[in-house]
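J.: Listed below, chain by chain, are the residues.
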Amino acid sequence: MTSVRIGLLLSRSGTYRLLADACRAGALRAIEAVNADPSLPLTLDPVERDPAGEADAYAPLCAELAAEGARHVLGCVTSWSRKEVIPALERTGTVLWYPCPYEGFEASSQVVYAHACPSQHLVPLLAWAVPRFGRRVVLAGSNYIWGWETNRVARDLIEGAGGRVLAERHLPLGDEDVGRLVAEIRATRPDFVLNSLVGASSYAFLRAMAGLRAEDLAVPVLSCNLTECELPALGPAAEGLIAAGPSFGQGLGSFETAAHAAVLSLARRMASAGPEAPLDALLAAPDGGLLAIDPATHHATLPVLIAQVEGGAFRVLERHEAVAPDPYLSRRPSLPAAPHLRAVTP
Amino acid sequence: MRRLATPVLAGARAAILHRPHPTVEALTRQLAAIGLAAEAHWPDLAPSVLAADFVFFDVDRGHDAQFPWKPGEAPMPMVALIGSEAPGRIEWALSMGADAQLLKPVGDGGVYSALLIAHSAFVARRALAAEVEGLRARLAERRTVLRAVLLLAGGQGEEAGYAALRRRAMEWRVTIEEAAARILAARGPARGGRHDRHRPA
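For the protein sequence lines, the chains are A and B, in the order given.
Taking my numbering, I'd label the letters of the first sequence as residues 1 to 346.
Taking my numbering, I'd label the letters of the second sequence as residues 1001 to 1201.
To be clear, the hints were calculated from the coordinates, so they are not data collected in a lab.
Among these hints, one or two may not hold up.
Claimed, not checked - Chain B stretches covered by chain A per the calculated footprint, using a threshold of three residues with CB under 8 Å from any CB of chain A: (1) 1004 to 1010; (2) 1031 to 1042; (3) 1055 to 1067.
The model shown is predicted, which means the values in this text are computed figures rather than measured ones.
Where is the CB? At the ideal position from N, CA and C, for every residue including glycine.
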């Protein structure tokens, strides 16, 4: 029986701790399953590092994991941290299995993207929302690449369909001062808000939006990064939220599911191609149909679900099976254009 | 801030002018991930290059005769693949009309931004060239306009002549230059105009 080192690079504290905890739970559950499975000729031996939510801590800790013999690492939650570790991955020949949704426009040969890219979250979410709610939109996001690029793509799609972005606000990671953003929403009464805030900022914003609902101003709030793992932190403030993701209703949500699938898929591929096999060979090896990875982009083909929080749990509203990844949005998606004829309102 | 118009890249074609080399493989991999089909050419660009949407060309060993167009007249965006950063080579890359560059060895990134920058620079360059050509054409017609103004003035001064010419141009929905040429042509070649430039006086 071969024992294979696998690195876990996830923050045990910091503003996005709940997301990292979900990823860690999924990875550990998969490691346990692999180690208990007599049909697999290998066991996984996890080695962990905790960057504590500090972006600059990720690259050195990733190099440490490589030095301790981990050729595969599951980890990173923010794109900021993922972009920080890529040079270390290239230098050490390590592969990162990334279990979170992100904003696209990347296809590193050292990264496997196991969660959704914009063609699998933002584009279908807006295509669902615009015909139902309208085209007057407020965009909110955390002040780094995830918020910036998600909102840029959203603006392109919405304006391309004849809609309007009434306001766009970015808050620093961890900032809970959402007063101005909420005041702008109260003033502009948008058809919906796209919330790409992360962690504490998002919780503060959603609580304030719940307050607006109590004032009888119900504005739908949409998200591409909200899953079950954050519902306990939100409580009743999460009611009515609409999110896109590859799975809902499973344990801690899609971050956990993606991390679990990534580790299990890796183990099955190593069982077939050998634990030392290069990534191209691993991706060509079978994994029992668990996680289909496109060899050109290293991105997963995934279902796309649109779901809404009702009574503390997500209820699925729409489902698309096996949506191919298009990380660079090269196929130029568009939303249905604004109708030429409009009802005349006084 | 100017909004970036992103080109349609899925199904676009890229020609790579480079000898067989890991650079070509790395470039092809990144292009495939973005959604482009790549075709390698060496030692020169095959006729199929005219169907390409982008050209990546080696600056280290490149020369004018590899291209089926004159320097600076590429009909698509061009990205220079630079290894040796010698000023003479950069000068040559610029003379070929490089819209963006990528440093060798080509690794895991850089191709997407090179495509967007090259596309944007190419579109801007082409728009500018069209504008310059239009201005040149108008400049060349200065003498025609002057003659038409004098003709229409009929002794009432240059301003009246110009106003009359502008009126005609608006009525006919043509440029001032075109209106001037029509007026002179209608008067017959003996009175001059742009069609009698080479006649003996």
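J.: Evaluate each hint against the coordinates.
T.: Cross-check of the supplied hints:
Under a criterion of three residues with beta carbons nearer than 8 Å to beta carbons of chain A, the stated coverage of the segment 1004 to 1010 of chain B is upheld, 4 such residues being counted. Only residues whose beta carbon comes within less than 8 Å of a beta carbon in chain A count, and the segment 1031 to 1042 of chain B has 5; three or more means the coverage holds. For a cut-off of 8 Å, the count of residues in the segment 1055 to 1067 of chain B with a CB near a CB of chain A stands at 0, and the three-residue condition is violated.
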